[in-house]
Amino acid sequence: MTMDEPLHEIEMRFVYGRTLAEMAEEDDRIVVVEADLSKASGTTPAFSQAHPDRFVNVGVAEANMIGIGAGLAVEGKIPFCASFTPFASRRVYDQVTISVAYANANVKIVGTAPGITTGPNGGTHMCFQDLAIMRVMPNMGVLSPCDCYELRSCLHWMARHEGPVYMQLVRLKQRAVFDESYRFSAERCVRLHEGGDVTLVSTGYMTPFALEAAKALEAEGVAVDLLHYPCVKPFDAETLVESAGRTGRVVTVENQSILGGLGGAVCEVLAERRPTPVKRLGVPDRFGEVASEEYLFEKHGFGVRHIEQACREPRQGD
Amino acid sequence: MPCEFDREEFDRLAGEFRYVITDMICRSGSGHLGGSLSLVEVIISLYWRIMRVDPANPRWEDRDRLVLSKGHAGPVLYVALAYRGFFPKEELCTLNADGTCLPSHVDRLRTPGVDMTAGSLGQGLSAACGMALAARMDGRRHRVFCILGDGESDEGQVWEAAMFAGHNRLDNLIAICDYNKLQIDGFTQDVVGLEPLADKWRAFRWEVLEMDGHDWDDIYETLGRASAVEGRPVMVLAHTVKAKDCCPVENKPESHNVRVPDENAYATFMGGLRRRDYSLPY
Chain A
1 MTMDEPLHEI
11 EMRFVYGRTL
21 AEMAEEDDRI
31 VVVEADLSKA
41 SGTTPAFSQA
51 HPDRFVNVGV
61 AEANMIGIGA
71 GLAVEGKIPF
81 CASFTPFASR
91 RVYDQVTISV
101 AYANANVKIV
111 GTAPGITTGP
121 NGGTHMCFQD
131 LAIMRVMPNM
141 GVLSPCDCYE
151 LRSCLHWMAR
161 HEGPVYMQLV
171 RLKQRAVFDE
181 SYRFSAERCV
191 RLHEGGDVTL
201 VSTGYMTPFA
211 LEAAKALEAE
221 GVAVDLLHYP
231 CVKPFDAETL
241 VESAGRTGRV
251 VTVENQSILG
261 GLGGAVCEVL
271 AERRPTPVKR
281 LGVPDRFGEV
291 ASEEYLFEKH
301 GFGVRHIEQA
311 CREPRQGD
Chain B
1001 MPCEFDREEF
1011 DRLAGEFRYV
1021 ITDMICRSGS
1031 GHLGGSLSLV
1041 EVIISLYWRI
1051 MRVDPANPRW
1061 EDRDRLVLSK
1071 GHAGPVLYVA
1081 LAYRGFFPKE
1091 ELCTLNADGT
1101 CLPSHVDRLR
1111 TPGVDMTAGS
1121 LGQGLSAACG
1131 MALAARMDGR
1141 RHRVFCILGD
1151 GESDEGQVWE
1161 AAMFAGHNRL
1171 DNLIAICDYN
1181 KLQIDGFTQD
1191 VVGLEPLADK
1201 WRAFRWEVLE
1211 MDGHDWDDIY
1221 ETLGRASAVE
1231 GRPVMVLAHT
1241 VKAKDCCPVE
1251 NKPESHNVRV
1261 PDENAYATFM
1271 GGLRRRDYSL
1281 PY
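Chains as they are written, first to last, in this note's numbering: chain A, 1 to 318; chain B, 1001 to 1282.
Chain A with its partners taken away, still in its complex shape:
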């Protein structure tokens, strides 16, 4: 890794660690808290060497990591606490609920290797519910950036935003969707492809796949309105309602359970504001397993091929 490489040629975790280290140069309130996974998160060595006095490693103790983050935050620090997604969300759900969200402590929680991207770690580490369980927590913002440029912009926003935020961090190198000029907004989703036949809604890891599908469908004559939601909460309802009103058909895709996450948010908004048929793609009500991405996409039905198929035939039985 060199500083001259284009950002999207770098693994997302290194972009995370490097960006935080840069931000910490400007803002001495930024602190990194890790639970023995700092290399996996990318904060070692980038942050730990640049700012050893603001790098805290609690060992394999995620509950303590969240509580320490809360204590730092009420004293005015901006702690970024990271671990693998299941350990940054479901394992510490009560600590996040009480010490962070209920106390409205300005803690930034980062779940790395979300969903199927945890790969060989398998079912124990494959968390499909973090977007859903974090979304139902009052005071909590929920983000899932799709590439390194969006990740950087999200991190700057998180530091500026006063309040708890949960963010998914894909650790691997990601295809570039945006470029250096991109600026994240918590208020508006991003229309990545315009069309009037079907609304396709994606977030995080699945957005590059959704974009690939939208482009392929364009060649077939199916015009996809692709809405990327880096911010799952707060949720930009207006853009979705407007799009669904034009297309009359909605497909959602996420690297998560189809219950309660992005698809859940879409269904809630549309049921109240503009009832529209929705096909949710993601993992059905199942646990994960050790397997390749191709196998998991096929098994659960949310790869590019399935996205294209759902966009052509949005309603089951059609």
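Treat each hint with caution, since some may be false.
[Said to hold, decoys possible] Cβ pair distances, simulated, as ranges:
id, chain 1, residue 1, chain 2, residue 2, range
1, A, Arg188, B, Glu1061, 35 to 45 angstroms
2, A, Asp53, B, Glu1061, 18 to 28 angstroms
3, A, Glu180, B, Arg1140, 33 to 43 angstroms
4, B, Arg1141, A, Glu293, 50 to 60 angstroms
Everything labelled a hint here was simulated from the structure, so no lab data went into it. All C-beta atoms, glycine included, are put in the ideal place defined by N, C-alpha and C.
Using the hints, position chain B against chain A.
Chain B in isolation, oriented as in the chain A frame:
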């Protein structure tokens, strides 16, 4: 700032605390009486003799902090804060009332002078570690106190925080265990034995002190020694009596969360206090 000690005055204040706490809880119909009454002398000592606080500026940067990790003992802290002038004493009768700033469990967003939210047991010591770390990062010399319950010490997170504080030599952190030997389902030794509790904390690289949590001199002297310890966090085991001086439930498991459904029950609790020669401040 710390106040001058007058034994007779402090004895009278402790009695008044118990009288007001019991009335607040009974008036609201139910509440955590036992674990509030066991802490009266410790809390008074902290807020009148030990901690540097400024009631006119509850968020004063150089104040000493208190994390009441056994957040259900809110009532005893509220009485201390009101009597020290953080908010009017008249507020005390609103415990648990609709829209109150005094919820059953402590909440930093609602009550002036409450430094951290707590209520789900086991979380406060971690927050206190974070607060102590922040002080160290900023080169500030204030202390962070954290009061744990003995039953709360069953929680695994307490020991995660204990290991962290010992490893990081957080000597600006002073924890106090309200060791009243009772938890909800019975005596701690019968539910899950904590002993040897002092040895456990020593094994986690803490300095451990013990005191009679109802003896003014012992509390003052012990917390003074705790403040002087360098290079290690300090755990003070405060030997206390749950529901102290409320005879109907003193040292009984049922004191943990009492129900006060009617006037008769109210009279039983208030009449059962050892000292009753007080008037309510609201």
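Here is what the structure says about each hint:
1. Look at A:Arg188 against B:Glu1061: about 38 angstroms separates their beta carbons, and that is inside 35 to 45 angstroms.
2. Taking 18 to 28 angstroms as the suggested C-beta distance range, the pair A:Asp53 and B:Glu1061 conforms, at roughly 19 angstroms.
3. Taken as a hint, the range 33 to 43 angstroms holds for the pair A:Glu180 and B:Arg1140, whose Cβ atoms sit roughly 39 angstroms apart.
4. At about 53 angstroms, the CB distance of B:Arg1141 to A:Glu293 agrees with the hint of 50 to 60 angstroms.
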